[in-house]
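Q: Chains as they are written, first to last, in this note's numbering: chain A, 1 to 105; chain B, 1001 to 1526; chain C, 2001 to 2664; chain D, 3001 to 3175.
Quick caveat, the hints were computed from the structure, so don't treat them as lab data.
Treat each hint with caution, since some may be false.
[To be verified] Below, computed lysine-lysine pairings styled on BS3-like, alpha-carbon distance capped at 27 Å: (1) B/K1036 <-> A/K104; (2) C/K2378 <-> C/K2447; (3) C/K2502 <-> C/K2419; (4) B/K1169 <-> B/K1036; (5) A/K104 <-> B/K1114; (6) B/K1169 <-> C/K2634; (7) A/K104 <-> C/K2634.
The structure displayed is predicted, hence computed values, not measured ones.
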Amino acid sequence: MEIGLSHYLILSGLLFAIGIYGILTRRNAIALLMCVELMLNAVNINLVAINRFLQPDWRIMTGQIFAAFVIVLAAAEACVGFALVIAIYRNLNRINVDEINLLKW
Amino acid sequence: MTFKDLFILLLGPELWLTFLGFFLFTLDLIFPRAPKKVFGLLTLLAFVGGLVLVAAQVLSPDLADEVRQAAQENRLGYWLVTTFSLDGLATFSKGAIFIGAILIALVTVDYVEKNLREGIPEFYGLMVFSVLALCFMVSSVELITLFLAIEFASISSYILAAYLRGDPKSSEAAMKYFLVGATTTAAGLYGMSLIYAGTGTTYLYEMTAQFMPQLGETGVAFSPPLPVLIGLLMMLATLGFKVAMVPFHGWCPDAYEGAPTPITAFLSVASKIAGMATLMRVFASGFGPLSAGWVPILAFLSLVTMTFGNLAALWQTNVKRLMAYSSISQVGYLLIGVAAFSPSDFQTLLGMSTFQGSEMALPGIFYFLLGYAFANMGAFAVIIWVENWEGATDRESFEGLAQRSPVAAALLTLSFLSLIGIPPLAGFFGKFFLFGAALSRGLGWLAIAGVVNSVISAFYYLEVVRRMYFFPPRRPERVSTSLMVSSAAVLGVVGAFAIGILTEPAYQWAMAAFFDVVFAPNISFR
Amino acid sequence: MDATPTVTAIILLAPFVAYLINVFFGGRLKEKAAFVSLSLVGLSAILSLLVFYHVVSKSLSGHFEGYRGTWLTVPLGSKELALGYQVDTLTAFMLVVVTFVGWFIQLYSVGYMAGDPRFSRYFAFLSLFKSSMLLLVLSDNLVGLYAAWELVGLCSYLLIGFWYEKPEAARAAKKAFIVTRCGDAGFGLGIFLTFYLTGTLSFQEIFHQAEALTGEKAQLISLAAVLLFCGAIGKSAQFPLHIWLPDAMEGPTPVSALIHAATMVAAGVYMVGRLYPLFATPMIEASWSLQVVAWIGALTAFLAATIAVAQDDIKRVLAYSTISQLGYMLLGLGVGGYSAGLFHLVTHAFFKALLFLGSGSVIHAVHTNDMKKMGGLKEAMPITFWTYIIGMGALAGIPPLSGFWSKDEILAAAYIANKPIFIVGLLTAFLTAFYMTRQIGLVFFGKNRDPHSHPHESPPVMWVPLVVLAAGAVLVGFIGTPWYNVFHKLVHFEGAPHHPFKPLPMILSLAAAILGILAGQNLYITNPIKGPDDEPLRRRIGRLYDFLANRWYLDWYDPVKPQPGYYLTPSFIRFTIAQRWVDLHIVDGMVNAVGYLTAYILARFYRLFDLYVVDGLVNWTAWITGFIGNGLRKIQTGLVQHYMFIVLTGLALVALWTLMKQMP
Amino acid sequence: MGEVIAFYILALIIVLGALAVVTGRNLFHCGLSLAAVLLAVAGLFILNGAEFLAWVQVLIYVGAVLVIILYAIMLSENITGERILLISQNRGVGFAAATLVFALIAFLGISLSGLLAGHTSSVKDPVLALLEGADSNVIVFGTLLLTRYILPFEFASVFLVIALIGALVIARTAE
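Chain A with its partners taken away, still in its complex shape (with noise of 0.2 Å):
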């Protein structure tokens, strides 16, 4: 039995998809922003994977630096969304997404 490419797509599928079932069931604003933290674990995995099993020579890690940045970002949206998690907080005494809908139709 051999570990192919094939196991890291569905492996990073299987994250993804957890990640979006989150995304969409959970209430809690804090738990939202670590479902995405799931989401962008899931395309790091597959391009380290990728990187891998595609590129014959090992010095081209194109898909490391790639995952490299995307780490940098998922620290950047963190941080941002904790804050914006604060602030929404300090306004409207909740952070549950499904009651903060003052802004519709």
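Got chain A; can you put chains B, C and D on it based on the hints?
A: Chains B, C and D only, in chain A's frame:
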């Protein structure tokens, strides 16, 4: 040319913006008591300077050759040029972005003084940096840079949208904007990973080079590799989110309504120009050879987008929110142009076949964008004009505006007429080019849908006009405003007129921009 | 048993004899009328089964064209008209459906109609209907078909208005008669045109001649097919003549099950299937008349399914469902899935009859048609519940129940021939599963919302047919599974393209059904409605729900604001009044005034036209546009997770579309 | 064989941890499960020869992002004054959408990964010359970042600064 020269020439406007942005932050630290207007003027200076630098780049005759030359001699230069392109698409959209940003800066000053009590320098700084991010967005020809730029622009927009501290609507708008953005980002990144899997590179022009041989001599589109195509569609989530196309539009009306009005204008003008330019770069240039795979999808989404935007706008009572739906529908028209792309366009762009201007929609998109930017900015300037006085943007605030400020009412009417597409304003010719291209590409149904939608759109635009002219004013006093806001409104409308009257030169300029879209830095390092 | 003229005549005439007996001696027979009817129809059912067995075994063992024969010849001047029959596999299936399903429905009626003062009259009409329906399927020529066509229409009229004391019933009967007549006018024209083009009325001859036609006449034959199809539009209640069928539910429930679900309304589908070679000229792929059939079917299937979502009357839901499913069959025929469409006809007859009888059982128990006033019947009526679940599963397309196989076959054909129609079919499948789950949830789950009713299980004479039909609804599908499709072997069209089995449409249709059930379960079963006025769906989609509940404002027979018809109808009345006035004056000899009057009438008519038709149309269009806008606006619920859901499903659907396009 | 076992163990941790994140009732436990997922992903990186990236993952993600998350949880528990219990809603719809997406990706993963060609560049990249003789993951990573990806690298630094300033501006309390 040394590396330093190359660096400065290539990244001139961006460096200037970075410098002024950080300067704004530090100025506040050094002189905490500096009058807030100074920051506004500095921002204006940043954007005007940026426009000048872009103009200099466009007008210097052999810059492109020099850049290419330098990149061949210099290793670092090579990497700069291969990630950051200075082609016509980039310079044209940077020009448009800066024009929009200047008008936005003009309307911001009063608004900020009225509505913000703290964090004003940061507000301006963030505006400067988000324009910087937009500039990077339209210039990057490499996926990593591209996605970083998109995220940079998005994140600074989230923050700006949340800026009305005491207003729950502002926080809510930013929250929704952020969550939808994060989801589409994740989907888009997943798509990029699939594209990377299918092509092995992150450079758009390398992908083009890979697909070109399969396109063949005849220009018949071929069936693209599936992972790449699916990845491209997932990337559409990110780009579609930026331009607010259906079904990635959910955030748009809420964010537009809740955000500070200048930021709404920013999102609907500057951000949209950059988003559309990037969408064209990725789809029409990077993945142009795969057009058979994505053209039907974009045609369909274009139809859905404009219809949704227009129909939903019919019921809006808040003018800011109405503008949100209106901007969604305008994206629908723009997408007609992308959907009217065909492989033969690609060959035209590469100079492989002769140009038939009437058939090609891509220059039309740029022309439309420019006209849209002017008209929309004119409208938003008047909206801020009224909002600063009335403190609200509901339809009732506009009733009887013709008596309270005839100039404002006239300017708003003209902007709306351009958005509907009444000659000789820019909106008409923009639609003319796009629908015409659709017709000649066998997308007659889409052109008809566009015309029907334009008719529907007249209802809600003219409803506002009707209220301005035929309703009694709610309060008798005149609505006055500062010179900055009114000049922004006048500039917007004059621009829409000028683009409309000078159709031919403007279109030529837009077309010239396009012969560089497929700019692959044809340099090989020796 | 061979289908000799005698045998077929007995099959045909036995119910007719029952009709005569019941009409003349019904007063004396009283309750025994049912036995007369049951035994004679039973005789015809047994004969039909034997014929069926014979035909099937013959055609399975080799090439078999079917039986043909002549009952009698009528001399018509120099020509003579041969009234004949034909029994091929399609007819054999129809025979079984009509007599076998019909027999059980009649048995059920014994319980359902017990105590009715016009008990024997009811059985008389039912027998007459059977006889006419059998004539319809047996005929080998357009004259017999047309005569039977009108006869079943008459029976339908009589049975819808069976309780004519009820004004609604009388009105519904009239509506059904008049509306279907609109389609029959086209049908008649189609027969004339066909006769003009081919010079014959016998099916075989017509097909034979039609193939040889060239030039203009070859074009006209498609027009003839479309005109004939108008008849099917009326009889099978397709858009825009679909409006009569829901009102027809005013008749007794067994009638709804037999006539307005299983047999007569399927006559339109049967007719298209019977005349398929005419529709398929010159080529099955290039025939525009089949395109018309497919699009009318698809449109109706979708339209009726959306309306069914917003109905509260248990039988009306089923009526709209029937319309929708008939549209499905025509869709299947239209996209070239000849055996698929007819297979669905057969399976549908079983499970829809089952559902109607089940609903009758429920109505019998709670004495109301309003689902909002029911609830919690699961415990009180276990047999009805479980059989209903089977019917519902078959209709929604849950494997391995019969509806799944036939619906899937239709979708597979549509997938290959016409992607937009496939999408419409998929949407309809989703809606079907949704409204059936809604119905189950409202009727059987939750708590009983009517404190005065004490529901109980129906008597055996009613539940035995339920069980038998449920068994049929489960089993009959297995004759048409993709792996071993006996039905296709028996009933197929030579020119129809044969395609290998494709898993994708099957997966998609199953996914649509499951999604629909999940959605319905979420809205109606997990959280039962709180009272008769509660409607979870209205809370979600607002005025769109009212739009659907008002049947898209499309009922032109009973128009309501803001339909064009609402403005049109009074103008017609005024027009006739004006005409009568003109008549009087002309009769009075004011000949000189004719010119003036004509001008006057024209002007007046034009003014009315402008006032009511044009304005009405403009208002309607503007109103509908604004209305849709208001509905679309409601997508922006303000809840960010809904936006993300739209993003993700939109993306997934786009990707799926691409996959479908790219995968060969 | 070792790799197979390691992969399956890590995959199991990832999937179970992720499921715990999206279904758990206690926000704090969800945060800890997320940490487990992130660490396991780092493990996968090592398995794929991306040692440096694994360290980045541990340091930035587990070290920084997760601390922010846990900090926010504590903070919001403080401000709401009670333990946050998580409730999910629309489970059926979420499940359907997730299944649809997963089916799509799995379809791509299974049937198309065989079609993916090995990556070869059509452009002769000068970075290859710089990488001659490089023997460790970190050296190559750093070289690439400062040559080929110099622009995104610099850009990312500005990006992080601005994100930080922005977050501070909207999160700080009113004066």
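Q: Now tell me if each hint is right for this structure.
A: Quick rundown of the hints versus the structure:
1. A hinted pair counts as satisfied when its Cα atoms are at most 27 Å apart, and B/K1036 with A/K104 does not qualify at roughly 34 Å.
2. In summary, the hint linking C/K2378 to C/K2447 is supported, as the alpha carbons are separated by about 10 Å, within the 27 Å threshold.
3. Distance hint between C/K2502 and C/K2419 is fulfilled; the C-alpha atoms sit about 14 Å from each other, no more than 27 Å.
4. For the hint linking B/K1169 to B/K1036, the alpha-carbon distance of about 25 Å falls within 27 Å, and the restraint holds.
5. Pair hint A/K104 plus B/K1114 holds up; C-alpha atoms about 26 Å apart against a cutoff of 27 Å.
6. For the proposed pair B/K1169 and C/K2634, the alpha carbon gap of about 19 Å is at most 27 Å, so the pair holds.
7. Distance check on the hinted pair: A/K104 and C/K2634 sit about 8 Å apart at the alpha-carbon level, within 27 Å; holds.
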